[in-house]
Amino acid sequence: MAEKAEILKNLDEKYKYGFVTDIEADTVPCGLNEDIIRLISAKKNEPQWLLEWRLKAYRHWLTLTEPSWAKLSYDKVDFQALSYYAAPVQKKQPKSLDEVDKDLLDTYNKLGIPLKEQEALAGVVAVDAVFDSVSVATTYRAQLAEKGIIFCSISEAIKEHPDLVQKYLGSVVPYTDNFYACLNSAVFTDGSFVYIPKGVKSPIELSTYFRINAKNTGQFERTLIIAEDDSYVSYLEGCTAPQRDENQLHAAIVEIVVMNNAEVKYSTVQNWYPGDKDGKGGVYNFVTKRAACRGVNSKISWTQVETGSAVTWKYPSCILQGDNSVGEFYSVAITHNKQQADTGTKMIHIGKNTRSKIISKGISAGFSNQTYRGLVDVGANADNARNYSQCDSLLIGSTCGSHTVPYVRNRNKSAVLEHEATTSKISDEQLFYCQQRGLTEEEAIGLIVNGFCKEVMQNLPMEFAIEAAKLINISLEGSVG
Amino acid sequence: MAEPILEIKNLSATVAGKEIIKNLNLTINADEVHALMGPNGAGKSTLSYVLTGKPDYEVTGGEIRFCGKDLLAMKTDERASAGLFLSMQYPVAIPGVATNNFLKHAVNAKRKYEGLPELDAAEFLKLLRTEAKNLNIGADMLKREINVGFSGGEKKRMEILQMSLLKPSLAILDEADSGLDIDALKLVADGVNKLHNETNALLIITHHLDLLNHIEPDIVHIYADGHIIKSGDKNLAIELEKSGYKTFVDAE
Numbered sequence: 001m002a003e004k005a006e007i008l009k010n011l012d013e014k015y016k017y018g019f020v021t022d023i024e025a026d027t028v029p030c031g032l033n034e035d036i037i038r039l040i041s042a043k044k045n046e047p048q049w050l051l052e053w054r055l056k057a058y059r060h061w062l063t064l065t066e067p068s069w070a071k072l073s074y075d076k077v078d079f080q081a082l083s084y085y086a087a088p089v090q091k092k093q094p095k096s097l098d099e100v101d102k103d104l105l106d107t108y109n110k111l112g113i114p115l116k117e118q119e120a121l122a123g124v125v126a127v128d129a130v131f132d133s134v135s136v137a138t139t140y141r142a143q144l145a146e147k148g149i150i151f152c153s154i155s156e157a158i159k160e161h162p163d164l165v166q167k168y169l170g171s172v173v174p175y176t177d178n179f180y181a182c183l184n185s186a187v188f189t190d191g192s193f194v195y196i197p198k199g200v201k202s203p204i205e206l207s208t209y210f211r212i213n214a215k216n217t218g219q220f221e222r223t224l225i226i227a228e229d230d231s232y233v234s235y236l237e238g239c240t241a242p243q244r245d246e247n248q249l250h251a252a253i254v255e256i257v258v259m260n261n262a263e264v265k266y267s268t269v270q271n272w273y274p275g276d277k278d279g280k281g282g283v284y285n286f287v288t289k290r291a292a293c294r295g296v297n298s299k300i301s302w303t304q305v306e307t308g309s310a311v312t313w314k315y316p317s318c319i320l321q322g323d324n325s326v327g328e329f330y331s332v333a334i335t336h337n338k339q340q341a342d343t344g345t346k347m348i349h350i351g352k353n354t355r356s357k358i359i360s361k362g363i364s365a366g367f368s369n370q371t372y373r374g375l376v377d378v379g380a381n382a383d384n385a386r387n388y389s390q391c392d393s394l395l396i397g398s399t400c401g402s403h404t405v406p407y408v409r410n411r412n413k414s415a416v417l418e419h420e421a422t423t424s425k426i427s428d429e430q431l432f433y434c435q436q437r438g439l440t441e442e443e444a445i446g447l448i449v450n451g452f453c454k455e456v457m458q459n460l461p462m463e464f465a466i467e468a469a470k471l472i473n474i475s476l477e478g479s480v481g
Numbered sequence: 482m483a484e485p486i487l488e489i490k491n492l493s494a495t496v497a498g499k500e501i502i503k504n505l506n507l508t509i510n511a512d513e514v515h516a517l518m519g520p521n522g523a524g525k526s527t528l529s530y531v532l533t534g535k536p537d538y539e540v541t542g543g544e545i546r547f548c549g550k551d552l553l554a555m556k557t558d559e560r561a562s563a564g565l566f567l568s569m570q571y572p573v574a575i576p577g578v579a580t581n582n583f584l585k586h587a588v589n590a591k592r593k594y595e596g597l598p599e600l601d602a603a604e605f606l607k608l609l610r611t612e613a614k615n616l617n618i619g620a621d622m623l624k625r626e627i628n629v630g631f632s633g634g635e636k637k638r639m640e641i642l643q644m645s646l647l648k649p650s651l652a653i654l655d656e657a658d659s660g661l662d663i664d665a666l667k668l669v670a671d672g673v674n675k676l677h678n679e680t681n682a683l684l685i686i687t688h689h690l691d692l693l694n695h696i697e698p699d700i701v702h703i704y705a706d707g708h709i710i711k712s713g714d715k716n717l718a719i720e721l722e723k724s725g726y727k728t729f730v731d732a733e
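Chains as they are written, first to last, in the working numbering: chain G, 1 to 481; chain R, 482 to 733.
Read the hints as simulated data drawn from the structure, not as lab findings. Remember, it's a predicted structure, so these values are computed and weren't measured experimentally. Virtual Cβ for every residue (Gly too), placed ideally from N, Cα, C. Do not take every clue at face value.
Covered by chain G, per the in silico footprint, the following chain R stretches (three or more residues, Cβ under 8 Å) [claimed, not checked]:
hint: 1; region: 567-576
hint: 2; region: 586-597
Far from chain G, by Cβ distances over 10 Å, these chain R residues were calculated [stated by the list, open to error]:
hint: 3; residue: Glu544
hint: 4; residue: Arg625
hint: 5; residue: Asp662
hint: 6; residue: Lys667
hint: 7; residue: Asn716
hint: 8; residue: Glu720
Assemble the whole structure, with the sequences as input and the hints as a guide.
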């Protein structure tokens with residue numbers, strides 16, 4: 001199998017995305033105050049309403065304190081020591097890939113991002129590549145535009161589709177939502193915007209690669225996806241970041257609105273720098289992702305493979321407002337060395353006959369610590385709501401930790417809620433059995449772990465599934481023996 | 482004169498500090514079928530684990546050569562790829578891992594070791610179907626998770642299927658007959674016999690004569706207290722069946 005050889009090659013590469021592109025960055029001074037926010041907004045030529053919204057968020061943020069309920073322990077972030085805006089300096093706005101800075105393109109090539117447009121339609125992916133904070137290039141837009149699909153950076157959307165942005169921005173994650181979401185609302189620099197009109201099924205999977213580059217720059221992406229009635233889109237998000245000793249802060253927001261009979265599938269592979277084996281460096285990942293199923297028969301499906309970051313705080317959630325709406329959460333989280341992850345989901349059942357499914361697979365190795373934290377909330381009017389939750393933990397070695405914290409709040413007698421949880425270890429017997437059949441220890445662990453995650457992996461689009469299987473192997477390198 | 486496949490000289494080994502194998506000598510040549518018989522707790526399985534390099538089984542003395550190579554210098558997976566196969570007494574279940582996927586990994590690991598190109602899905606499936614049919618293993622079973630919820634008989638047949646796919650130079654069958662009914666026993670024995678030829682060898686670990694009536698041994702060893710106390714032809718096994726182990730062990 002060719003993939004297998006590729007996996008083995010990758011096993012030797014440690015964190016191969018740990019390089020830094022040397023480009024002059026247009027960075028605003030460190031620190032956060034109203035003037036900085038005005039500066040960011042001015043640099044981006046934003047409308048007045050957005051500046052005011054940012055300032056409202058900032059003023060609210062000043063009243064909040066950083067949450068401490070998660071099972072995470074890390075040095076607190078000094079928010080005044082960060083710079084809140086960094087854009088790669090370019091002579092002028094590029095009109096085509098030929099005009100894009102060569103260093104940037106080299107960086108993407110090292111990451112294996114297919115920026116060049118390919119003729120083949122089958123299986124191709126449109127890439128809205130985000131370099132630090134500014135979108136550099138977007139492909140396949142014309143093709144999507146023919147169907148009326150808007151896929152662009154949120155900065156462009158603010159300029160070109162202000163009504164849509166103003167209508168939906170903050171409508172799923174209000175700026176008052178939580179500490180990090182509030183901060184993001186005040187200082188977000190860029191991200192992606194997707195609008196699928198009524199009755200349209202996106203012919204390709206939409207994809208964004210994020211990359212953190214400039215030194216000491218917090219990243220605050222903001223993504224907004226709107227799926228109108230009877231529409232469908234599958235959106236892929238993949239991330240890698242160069243190696244750094246300083247901790248890098250990432251506080252993103254993803255908001256999704258799903259109308260009648262529409263479906264959105266959102267898949268993430270997250271492999272930001274996890275820090276070294278002693279826990280030095282690595283990305284702090286505090287993300288708020290939420291989808292509102294506003295329409296009847298609407299559906300949102302979150303699939304995530306989380307292998308990176310030193311600290312992960314992330315709960316992609318579903319608000320099941322429309323009758324018969326469906327929310328799904330499929331998650332694989334891998335922590336190794338000194339990584340920490342507190343992750344899960346919230347399923348908020350509001351409409352009648354709403355259904356949700358949670359499949360969470362946590363793999364802990366080394367000295368890492370991992371918590372599944374999930375909420376299933378059934379409102380008084382959510383007749384016949386149904387939830388199935390399955391949380392499985394796999395431990396590798398005896399120095400890691402795994403915790404499951406399921407919260408259930410039910411105010412409707414007709415609801416049926418099921419929760420199953422297991423904890424297991426990769427046994428010496430299983431490893432021996434595989435090795436006796438000729439598999440190396442790394443191959444054996446990869447096979448066993450991929451088997452453990454199967455139910456989640458099979459929900460990923462094909463190209464992502466291969467990448468994710470590789471990542472699982474790389475992430476667990478050296479976890480035994 | 483046939484080539485020696487396995488040469489064990491003055492082998493001693495411990496597990497958890499306890500000496501289990503004591504000064505064992507055994508040579509198995511190509512084309513030979515050896516049977517290792519002995520009472521419960523004699524350390525027969527221990528020998529199979531020492532040969533295959535299971536962790537916690539520590540060799541304290543002696544040497545082992547396998548097809549001319551220093552076996553003890555090789556890792557478990559290298560020994561396997563070099564042609565040493567152990568049909569386990571209790572094959573372990575691996576949830577989530579489909580049997581056909583597991584078998585494909587195993588076959589390709591060996592091919593890679595031998596410098597052969599790996600088989601793609603279609604080539605492998607063709608090979609697998611042929612071998613599985615011989616052991617009366619259906620397509621459904623190959624899609625199930627390996628050894629998960631398998632009956633005793635299914636597990637043993639799955640071990641022999643792996644043996645037939647990997648074509649080892651030496652196959653150790655550890656209680657391949659335990660828990661099998663007469664039909665299943667015959668199926669397993671036929672499978673093994675079909676694989677045996679002048680280039681490879683078998684080491685059959687068993688308590689009973691049953692399996693040896695289906696797979697004819699050339700040499701029978703009685704194993705007790707960590708070493709071989711007596712060797713002979715198949716008649717030794719027949720004698721043993723009549724008189725029991727105690728006679729031989731006491732005579733030691």
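Exercise. So which hints don't hold here, by number, going up?
Worked result: none
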